[in-house]
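Trainee: Residue numbers (this note's numbering): 1 to 264.
Honestly, the hints are just simulated from the structure, not real lab data.
Mixed in with the good hints, there may be bad ones.
Derived Cβ-Cβ restraints for the label pairs, each shown as a range [said to hold, decoys possible]:
no., residue 1, residue 2, range
1, P53, Q178, 51 to 61 Å
2, I57, I26, 12 to 22 Å
3, I126, I229, 27 to 37 Å
4, P119, D162, 17 to 27 Å
5, P53, K165, 45 to 55 Å
6, V85, D162, 23 to 33 Å
7, G252, H19, 20 to 30 Å
8, K165, F33, 21 to 31 Å
Don't be surprised by glycine CBs; every beta carbon is placed ideally from N, CA and C.
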Amino acid sequence: MMISNEHKKYLKKIKSTHHKVVFTRIFILVAIFAMWEILGDLKVIDPFLTSTPSRMIKSLINIYNEGTLFKHILVTCYETILGFVLGTILGTVIAILLWWSDFASKVAEPYLVVLNALPKVALGPIIIFWVGNGLRAIVLIALLISIIVTIISVLAGFKEVDEDKIKLLKTFGASKAQLLMYLIIPASIPTLISALKINVGLSWVGVIMGEFLVAKDGLGFLIVYGGQISQLDMVMMSIIILSILAYIMYAGVSVLEKRLKDRY
């Protein structure tokens, strides 16, 4: 297929803009870390309280030499992915059930509002007694934090689908299952992607909260342990690793979003 010169210029402009955005992001990040290091070395900021990039690297090397770094990272990643997947799937399934029954949706609405407003960390001690001290408690906390938001956002997306399209399909004799499969879900793809993006952050928050309470491994454990022994370099290093992992997970969701948009 022939591409006009105007189209080539347009594509080149988009590519150039993308490169500028990526370069600016990297430049800002490098500048922040460089300034952080300089201010710490000059004692403008207290390196004991705020750490510095070089001190965090030393802490990273020390934990790596102990042979536990990847264990902590893998434990937290496993818990987060498990909580993310369970929260997304169960939340979407419950949203579908509530969309299917208007009566159930109206009954559940005030409960969803209350559960969404309830601080989930307050349930931590109860959850520990229910399921024990360990992986199950951490994943359950992550699940509770993400599932309610998923239900509310996905259900709202289902209800925003064009009523005229729904009436048209009903006129042609479409069943409720057919409405769901061929109209509601495809039309709600942007909502589902938004729910996934929100759940990325919520899952990390839930897992770290759980690890603060009960973990013996993981990045949340390193943060708590580092604070207890006044090793704030370890704390800041763990936070930076968490930020990188969260970004990677978010980027994965963005790739999925692009593929779904191309498909639908």
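Trainee: Out of the numbered hints, which ones does the structure contradict?
Mentor: 4 and 8
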